[in-house]
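Numbering-wise (our numbering), the sequence shown opens with residue 1027 and increments by one.
Treat the hints as calculated values from the structure; they're not laboratory data. Please note that the accuracy of each hint is not assured.
Unchecked claim - Calculated pairs, DSS-like style, for lysine-lysine (alpha carbon to alpha carbon, straight line, at most 27 angstroms):
(1) Lys1166 x Lys1248
(2) Lys1252 x Lys1211
(3) Lys1268 x Lys1343
(4) Lys1266 x Lys1166
(5) Lys1248 x Lys1268
(6) Lys1272 x Lys1248
(7) Lys1166 x Lys1268
(8) Lys1319 x Lys1266
Said to hold, decoys possible - Here are the in silico distance ranges between beta carbons for each label pair:
(9) Cys1151 x Ser1173: 20 to 28 angstroms
(10) Pro1233 x Glu1321: 18 to 26 angstroms
(11) Glu1321 x Ala1138: 17 to 25 angstroms
(12) Glu1104 x Pro1279: 43 to 51 angstroms
(13) Leu1221 x Glu1110: 46 to 54 angstroms
(14) Glu1110 x Ser1210: 32 to 40 angstroms
(15) Lys1157 x Val1111: 53 to 61 angstroms
Cβ coordinates follow ideal geometry from the N, Cα and C atoms, glycine included.
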Amino acid sequence: MLQGYVSSHDEKYLLRSRDLGSELVRYGVPPDEIVEMHERTVRKLTGNLSSKDIMQCALLVSVPLVEVMVAYGLAFRELVKELEVKSRELQHSNELKELFADIMRHDLLNPASQVDGFVSVLLECEDDCTKRSMLSNIHKSNSNLISMIDKAAEFAKLDSVDELDFSVHDLALILREVTDSFASKLEENNMTMSLETESSCPSMVNPVIGQVFSNLISNSIKYSPKGSHMDVNICDEGDKWKIAVKDNGIGIPETDRDFIFTRFSRLNKVKKRGIKGTGLGLAIVHKIVTLHKGEVGVESSSPESGSTFWVRLNKVKTD
């Protein structure tokens, strides 16, 4: 680019110093590389010249170099200013997200929790079947509202996190604790679940990774028929651990697999079956796994044969 600038006399291809300086900044060309291009140009132009001619030629090509470097400096300063503005805007946006999450958790979740408590008391005291049915519907709707507020606040908070604190944790231990927490839910749905892991699965993670396993298992229970079985396992894949949750519920068409990890996305057939959900659980899974530089996906061989949701996380590197 610089060689073209100093060697061409055709105005059609000759860029002004200001334009060239801006272009060099835009493409991330470092100053030392510009100087190197200048030196190569000087050597090329002065290869067969006398000492006197060399001095004249060097002076000739050095003038535009100085102009370009000055323009480069000005353009770089403008770029820094733009980045500072964008950084402040991003910081403000993150602050708004955190405020939004706090408002949802405090100003929305607290009243909804109070409603839940009052309705539970009324259900225990009410003998009229019609009123109990109405109160039961209120209780279910309010529970869905609490779940939606909680997950939306969780996602908003998570979406504003740039860095997490990572330390070595045993994924097998985390997964055992998560599966144990679903014992009553499995019993309620007359479901069984098997867990197969390595003795120890060390990985550099944040404890929030437990939310990934919890959401995947919760989803599988929600979308599987009562009385069915689930398989949960961790397997060794070289430099990664693969955690898989296999259910026997509603299969996922291939055309739908690309967007189920985006927020508020839910399958049409799930909606038709009246299965409640916020469409945030898998989006939270995707976000957490992405922050861990891992992978997440789903396999489903046919519409009604169940699904296997999997996550790959890096092993702890050992010397």
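Hint check results:
1. Lys1166 x Lys1248: With a Cα-Cα distance of about 15 angstroms, the restraint between Lys1166 and Lys1248 holds, given a limit of 27 angstroms.
2. Lys1252 x Lys1211: 11 angstroms, holds
3. Lys1268 x Lys1343: Holds: Lys1268 and Lys1343 sit about 16 angstroms apart, inside 27 angstroms.
4. Lys1266 x Lys1166: 41 angstroms, violated
5. Lys1248 x Lys1268: 23 angstroms, holds
6. Lys1272 x Lys1248: This hinted pair holds, its Cα atoms lying about 13 angstroms apart.
7. Lys1166 x Lys1268: Distance ~35 angstroms between Lys1166 and Lys1268 Cα, so the pair is violated.
8. Lys1319 x Lys1266: Answer holds: Lys1319 to Lys1266 is near 11 angstroms, not above 27 angstroms.
9. Cys1151 x Ser1173: 20 to 28 angstroms: 25 angstroms, holds
10. Pro1233 x Glu1321: 18 to 26 angstroms: 20 angstroms, holds
11. Glu1321 x Ala1138: 17 to 25 angstroms: 35 angstroms, violated
12. Glu1104 x Pro1279: 43 to 51 angstroms: 50 angstroms, holds
13. Leu1221 x Glu1110: 46 to 54 angstroms: 50 angstroms, holds
14. Glu1110 x Ser1210: 32 to 40 angstroms: Roughly 53 angstroms apart at Cβ, these two residues miss the hinted range, so it is violated.
15. Lys1157 x Val1111: 53 to 61 angstroms: Roughly 59 angstroms apart at Cβ, these two residues keep to the hinted range, so it holds.
Violated hints, in rising order: 4, 7, 11, 14; the structure is consistent with all others.
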